[in-house]
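The residues making up each chain are set out below.
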Amino acid sequence: MADPTRVIRFVVKPVVFLAALSPAVYLTWAALTNHLSANPLSDVTNETGVWTLRFVCITLLITPLRNVSGWNALVRFRRMAGLYAFFYGTLHFLTYLILDRFAGLVDYPDGMLSLTTVRNVVKSSIGDIAMRPFITVGFTAFVLMIPLALTSTTGWIRRLGGKRWALLHRLVYATGIAGVVHYWWLVKSDIRRPMIYGAIVAVLLGFRLVKRLQQKKVRAVGRPLQGRPAERA
Amino acid sequence: MLIKKPSDIRSSEITPKELYQTRRQFIKTAGMVTGAAVGVGVLTKGAAVLHAVQPAAHKAKLPNVKPNPAMSNTNGEVKNSWEQITTYNNYYEFGIDKNDPAELSRNFKTDGWMVEVSGECAKKGKFSIDDLLKGETIEERVYRHRCVEAWSMVIPWDGIPLANFIKRCEPTGKAAYVKFTTALDRKQMPGVQSDAGGLDWPYVEGLRMDEAMHPLTILVVGLYGEPLPNQDGAPIRLAVPWKYGFKHVKSINKIEFVAKEPLNTWQRQAPNEYGFYANVNPQVNHPRWSQASERRIGEFLMRRTLMFNGYGDQVASMYSNLDLKKNF
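Line order of the protein sequences matches chains A and B. Using this note's numbering, the letters of the first sequence correspond one by one to residues 293 to 525. Using this note's numbering, the letters of the second sequence correspond one by one to residues 4 to 331.
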C-alpha cells in the first residue's frame, strides 16, 4: 500500500499545483489567441483580481474544513493556496501598474522605457493609492500578503516560533476583508458578486470566532464539577 | 456513611458511537458536496465570463443610407469593428457583463415596434419605425462614443436628426425637456428578472430641448449600414456624442415632452456619481476614477479624453452659463 505522505507529496500536490496554475495559463492563452472580449485588458485585470480573492478564500477554507472533516492532510495544501493567492495578487497588481498606470500616463517625454517613465508610474501610483479609497484598500490587501509570502517557509516557522508565526499569518484575515471591500467599492451598481465573497469570508472568519469563544468557555468552566454542590458538604 | 457517587449523566443518555460517527460522516459529506458545488459554480461562472462571444449576425443593408462626412469628423480615428461594437455592450436589461447582451438579447422581438409620443406636444400618438423614418434620409454619422467607465469607441451610426422628428411632434412652449424611456419586458430581459445592476426599470433618460434639437443629436436605426443589432439598442436608440454613453438611451419606446428635468436612471441610482448633463469632461472626475483619459477599445495605451468628447466647437456654447463641475 502506498505511503500516503509520499502520494500526497509526489502525486496530489503536483496535480493541485497545476490546477491552481491553470487560470493563469488559460488567461494567457486566451489573451494571445484573441479569445478575450473586445476589451482584453479589462478582462485580464478582472480575472487576476477575482482569482486572488478566490485563492484567499481557499486558503481561509482549509483550517475550518480540516476541523470539520478531520482530514489533517488538508493543512499540507495551505501554504500552496496562500502562495497562489499572493501569485495572483502580484499579477493583479502588475496589471494595475502596467495597464492602468503606465498606459494611462499618455505622455512619455523621455520615451516609454526610461527612468522618467518609471518615476511617473511610481508617482501616479502613489497618488492613486492615496486618492481612491478602493485602490487604497486593494493595495493594502496586497501589501499584507507580502510578509506572509516571505515567511511561508518551514525555516521561518522555526525562526519565529510556531506561536508568533501563526499570529503573523492571521494577517490573511485582513487581506480577505480588504479584498472583499476592494471589490465592493469598485463595482458600479451590482454588488451581488462582492456580497457573495463577503458572505464566504464572513463564514470562514466566523468559524474561527466561534471556535475561539468555545475555547474561552471551556477554560472558564475549568474541571468538570464532581457531584452536586450540596453533596460535597 | 454511605458515599454516593452520583452521576450527572445516565448511561442511557450517552450517544452510541455508531450514531455520532454517522453524524460526523454526514456533516463531512454534506460539507464536501456543498464545497464542491460552490467550487464548480464559482469556477464555471468564471469561465463563462471569459469566453468569447459571437458578434451579431449580419442582415440586409438598410436602403439609401447617405454618408454625412461633415458630421463625421473624428480626426481620422479608426472606426471600431462590427465585432467590437456588437460584443462589448452595457445593456443591463440583458445582464451586467459586457458580453451578456450579445448572448441574451438574441430573441428580443423588435417587429411591429411602436414609439409612443406624449406630453407637451400637439402631435401625440404611436409611431412605427417606418412612420418615424417617413420622408427622411438615413445618414451615416461616424461618432466618438465615450463611456463613463473610461473606455471609448468610434462608431458609424445610421440615423436621422432627432430635431426633424421633434419638429413633426410640434412641442408646445411648455416643453423644456425631452424624456426617453427604454422598453421593459421581463420575459425577454433576463437582467431585469434577476434585478441585475440594481437599477430601477424602465431605463429613463432625458435631454434639454436645445440639446435634443442640436444637429449632432440623432435617432439611430442602424450600424455599419445594417439594422441596429439587439445588443446595441434595436430597433431605435439615441446618439448624443458629446455626452457619456449612458445618455445614449437604447430601444426607445416612449418619447415625452416635459416641463421639468427628467430624473435619469443613473442619476437616480447614484446622484453623487452620475448627473443629468453627463457632458464628457476630463476636468471633472467621477468620484471613484479619473475622467482625464480613456481606453479606446482595441488600443493598449490610453488616450487623453477630449472636452465634450471632441465636439466642443459645436456644443460648448450651450453650456457657457453652466457650472460644469456642479452640473456633471
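No wet-lab data here; the hints were simulated from the structure. Quick caveat: nothing in here was measured; it's all calculated off a predicted structure. Here a beta-carbon is modelled for each residue, glycine too, at the ideal position from N, C-alpha and C. Keep in mind that the hints are not guaranteed to be accurate.
[Claimed, not checked] No farther apart than 27 Å at their CA atoms in a straight line, the calculated lysine-lysine pairs in the DSS-like style are these:
1) A/Lys480 <-> B/Lys328
2) B/Lys177 <-> A/Lys480
3) B/Lys190 <-> B/Lys170
4) B/Lys127 <-> B/Lys263
5) A/Lys509 <-> B/Lys64
6) B/Lys82 <-> B/Lys62
7) B/Lys190 <-> B/Lys177
8) B/Lys112 <-> B/Lys263
9) B/Lys127 <-> B/Lys170
10) B/Lys263 <-> B/Lys177
11) B/Lys177 <-> B/Lys62
12) B/Lys129 <-> B/Lys64
13) A/Lys480 <-> B/Lys129
14) B/Lys69 <-> B/Lys170
15) B/Lys112 <-> B/Lys129
16) B/Lys82 <-> A/Lys503
17) B/Lys328 <-> A/Lys415
[What the hints assert, rightly or not] Distance ranges between label pairs, derived from CB positions:
18) B/Pro290 <-> A/Ala441: 29 to 37 Å
19) A/Pro306 <-> B/Glu276: 45 to 53 Å
20) B/Glu302 <-> A/Ala316: 37 to 45 Å
21) A/Ala491 <-> B/Thr175: 52 to 60 Å
22) B/Thr18 <-> A/Trp476: 15 to 23 Å
23) A/Val510 <-> B/Phe303: 34 to 42 Å
24) A/Leu313 <-> B/Tyr23: 57 to 65 Å
25) A/Arg484 <-> B/Arg291: 52 to 60 Å
26) B/Glu264 <-> A/Ala491: 52 to 60 Å
So which of those numbered hints doesn't the model satisfy?
The structure breaks hints 2, 3, 5, 7, 8, 11, 13, 16, 20, 22, 23, 24, 25 and 26; every other hint is satisfied.
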